[in-house]
Amino acid sequence: MSVESEDARRDTVGEAEVAQERAVAAAAAAATRTSSLMDVTTTGPGSAKPDPILVADEVRRSFGGLRAVDVGHLEVQRGAITSLIGPNGAGKTTFFNLLTGFDHANSGRWTFAGSPLAGMPAYRVARRGLVRTFQLTKSLMRLTVMENLKLAAAGQLGERFFVSLVPPLWRAQEAKIEERAEELLERFRLDRMRDDFAGTLSGGQRKLLEMARALMVRPAMVMLDEPMAGVNPALTESLLGHIVDLRDRGMTVLFVEHDMDVVMGISDWVVCMAQGRIIAEGPPAEICQDPAVIDAYLGAHHDEPGGESR
Amino acid sequence: MDFSVILGDALRGAISSDAAAYALMAIGLNIHFGYTGLLNFGQVGFMLVGAYGVAITVTTFGGSLWLGVVVGVACAVVLALALGIPTLRLRADYLAITTIAAGEILRYVYRSGYTEPLTGGVFGLQGFADEFYAINPLPPGRYGIGRVVFSERGLWILLVGWGLVVLATLVVYLLMQSPWGRVIRSIRENEDVARSLGKNVFGYKMQSLVLGGVLGALGGMVFVISTQSAHPDGYNPVVTFNLYALLVLGGAGTVFGPVLGSVIFWFLSVFLDSFLRQAIELGFVPATILAPAEVGAVRFALVGLGLMLLMAYRPAGILGDRRELALDVR
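Going down the list, the protein sequences come from chains E and D. Under the numbering used here, the first residue of the first sequence is numbered 105, with each subsequent residue one higher. Under the numbering used here, the first residue of the second sequence is numbered 6, with each subsequent residue one higher.
Read the hints as simulated data drawn from the structure, not as lab findings. Computed from a predicted structure; not experimentally measured. Treat the hints with caution; some may be incorrect.
[What the hints assert, rightly or not] Using C-beta positions, here's what the derived DEER-type ranges look like:
#1 E:Glu290 <-> D:Gln182: 19 to 27 Å
#2 D:Glu136 <-> E:Glu282: 47 to 55 Å
#3 E:Glu287 <-> D:Gln182: 22 to 30 Å
#4 E:Arg322 <-> D:Asp98: 32 to 40 Å
#5 E:Arg322 <-> D:Leu310: 50 to 58 Å
#6 E:Arg322 <-> D:Leu123: 49 to 57 Å
#7 D:Arg158 <-> E:Arg275: 41 to 49 Å
#8 E:Ser219 <-> D:Val114: 45 to 53 Å
#9 D:Pro320 <-> E:Gly334: 25 to 33 Å
#10 E:Pro272 <-> D:Ile140: 33 to 41 Å
#11 D:Phe305 <-> E:Asp300: 36 to 44 Å
#12 D:Gln182 <-> E:Pro225: 22 to 30 Å
[What the hints assert, rightly or not] Calculated from the model, a selection of chain D residues having no Cβ within reach of chain E, i.e. all distances over 12 Å:
#13 Thr120
#14 Leu123
#15 Gly132
#16 Pro142
#17 Leu164
#18 Glu299
#19 Ala302
[Claimed, not checked] Short, incomplete list of chain D residues facing chain E, as computed with Cβ under 7 Å:
#20 Val75
#21 Ser183
#22 Pro184
#23 Trp185
#24 Arg187
#25 Val188
#26 Gln233
We treat Cβ as the ideally placed atom computed from N, Cα and C, and that holds for glycine.
I would like the entire structure built from these sequences, with the hints used as guidance.
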């Protein structure tokens, strides 16, 4: 057991080094890419993007007297990594929940890939290709790792009641799904745990599983809620590597994070929320200089990105 | 003390049509609770509408028994929809409260004077299953070995009852190893995840509630057809709790758990009953401590004690997967 975990540790460290190199390279490329991918003229809150996949307008949500979310206008660029930052209680997760149908907005409208999503139940939002993960990792404990992935595949014939009773009708599709799941497990280095209950995985492995599971849906856009929360630095690098990889495969990524340094290296665009509102948005380099952001969120102690605070 | 009598009685109990009826209802409850995670505390309500669907159709309206079976199943579907539509979108505990209340409401409605022309009120309905015994292919006689003997009528309902159990078990097996079952189990683990992956959680919960409810109704039919008598006071919440007990005993969320649980539950309960009665008769237990009339209550207390021991030493049930115990679920 101890030998095995030692092995696993060495693996993740090795992977982390690779991922770190990738992240550094990505950060270096970020500036040039931002100018081409995000050809924007304005950088303030609500700025227009050349090719937005998600557009939200006047989205509001109150809990009693507290206005948790009050977003005037937000566009998320297709094929880019956008990070949503902000102090605790800024309304980031609530905004996530609203956009993905897990909570009901008091008012507002938003469209994803051109079609309106407001008021749509969560499962339909996911079927449209907008898939989210959760801040507190939600593993399906008593399903195996493989089952977790296979579950996520969209449009399964065998999920219909009467069809499910006749295995020949869905076996072929199931085999294809399993093949794709194997690939993802390998990519996320979970292949050795494929038949273990997800509940036996470590916290970090569960984060990887959750990300892999979201990808099984074949989403056009993934929304990751604090994918790096409670994860050791080595695995953080690995997760960042995976996020960059998603974008390189043409996916749109929106993720919530409160560690500013993590965000800077890989983001094409940063949106900062405080007290339910978007107070600033722009390229990473610009955002960390923004006085409103520093004031609301970073505080006076902030160093340069990638500096000693990491 | 004659253990051959006690064991014979217990074996008869273990394979009785009542055990088959309980197994059917427990298979339904297993779909709800064991696989989907729905807290249905009113399985007895489905049993009741199934039983009375047959009894009322035949006795009150003079219809065919087979029409009664269809009516009973239809009633179970309607009950499942009525319970599910308002509660399945809410948190799990709401379904628990609603179902336990619904079961009791149904019992009081069926036994009230107001509905007596239909349901026979507190007197219930009798003699509605002649059609079932008329098609019995078994020649008259006594079937069995030693003390475990049944009449041709007894064997007929036994065969049909256990035949339905086998069929229901096969359906559950097919369902649960299919993608449909995977979605159902994922809802038990965490319904938000299922939702985030594009699964219509409400729809699946509803299918589960209807399917398990129909099995509950079929169990109720087997139960009343064997005695040709439907009596409202037999449908109290204790039935549901016994179903939970035997389901957990056999192993919730396993294919054969409810069947094994039902067999053991009936074996133990008849065994203890027979054992205690003999002990009193032979003077091993003084009548001042335990009177024959109290045996019924004491044996359930002992069954309860046995369950507590089982939970202490085998928490996942007899057929449960030990690996699951290592997980900190929730």
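These are the hints, each one checked on the structure:
1. At roughly 25 Å, the beta carbons of Glu290 of chain E and Gln182 of chain D sit within the given window of 19 to 27 Å.
2. The given range of 47 to 55 Å is respected by Glu136 of chain D and Glu282 of chain E, whose C-beta atoms sit roughly 49 Å from each other.
3. Separation of Glu287 of chain E from Gln182 of chain D is about 23 Å and conforms to the stated range, judged on CB atoms against 22 to 30 Å.
4. One distance hint, 32 to 40 Å for the beta-carbon pair Arg322 of chain E and Asp98 of chain D, holds here, with the actual separation near 36 Å.
5. About 54 Å separates the C-beta atoms of Arg322 of chain E and Leu310 of chain D, a value consistent with the hinted range of 50 to 58 Å.
6. Against the hinted window of 49 to 57 Å, the Cβ-Cβ separation of Arg322 of chain E and Leu123 of chain D comes to about 55 Å, which satisfies the hint.
7. At about 44 Å, the CB distance of Arg158 of chain D to Arg275 of chain E agrees with the hint of 41 to 49 Å.
8. The hinted range of 45 to 53 Å is satisfied by Ser219 of chain E and Val114 of chain D, whose Cβ atoms lie roughly 48 Å apart.
9. For the hinted restraint 25 to 33 Å between Pro320 of chain D and Gly334 of chain E, the CB-CB distance of approximately 29 Å keeps it satisfied.
10. Our hint of 33 to 41 Å for Pro272 of chain E and Ile140 of chain D holds, since their Cβ atoms are close to 34 Å apart.
11. For Phe305 of chain D and Asp300 of chain E, the Cβ-Cβ distance of about 40 Å falls inside the hinted range of 36 to 44 Å, so the restraint holds.
12. Range check, Gln182 of chain D to Pro225 of chain E: Cβ separation about 28 Å, and the 22 to 30 Å hint holds.
13. No Cβ of chain E approaches the Cβ of Thr120 of chain D within 12 Å, the least distance being about 34 Å, so the stated non-interface status holds.
14. No beta-carbon of chain E is positioned within 12 Å of the beta-carbon of Leu123 of chain D; the least distance is around 33 Å.
15. The non-interface label for Gly132 of chain D is consistent with chain E: the shortest C-beta to C-beta separation is roughly 37 Å, beyond 12 Å.
16. Distance check on Pro142 of chain D: its Cβ is at least 29 Å (rounded) from any Cβ of chain E, clearing the 12 Å threshold; non-interface status holds.
17. Separation of Leu164 of chain D from chain E is adequate, the least Cβ-Cβ distance of about 24 Å exceeding the 12 Å criterion.
18. At roughly 42 Å from the closest C-beta of chain E, the C-beta of Glu299 of chain D stays outside 12 Å, upholding its exclusion from the interface.
19. No beta-carbon of chain E comes within 12 Å of the beta-carbon of Ala302 of chain D; the shortest separation is about 37 Å.
20. Proximity of Val75 of chain D to chain E is violated relative to the hint, the smallest CB-CB distance being about 19 Å (cut-off 7 Å).
21. Of the supplied interface hints, the one on Ser183 of chain D holds, with its beta-carbon coming within about 4 Å of a beta-carbon of chain E, less than 7 Å.
22. This hint holds: Pro184 of chain D has a C-beta 3 Å from the nearest C-beta of chain E, less than the 7 Å allowed.
23. Against a cut-off of 7 Å between C-beta atoms, the interface hint on Trp185 of chain D holds, since the closest Cβ of chain E lies about 4 Å away.
24. A cut of 7 Å between beta carbons decides the hint on Arg187 of chain D: the least distance to chain E is about 5 Å, and the hint holds.
25. Because the beta carbon of Val188 of chain D sits about 6 Å from the nearest beta carbon in chain E, less than 7 Å, this interface hint is met.
26. Because the smallest distance between the Cβ of Gln233 of chain D and any Cβ of chain E comes to about 34 Å, over 7 Å, the interface hint for this residue is violated.
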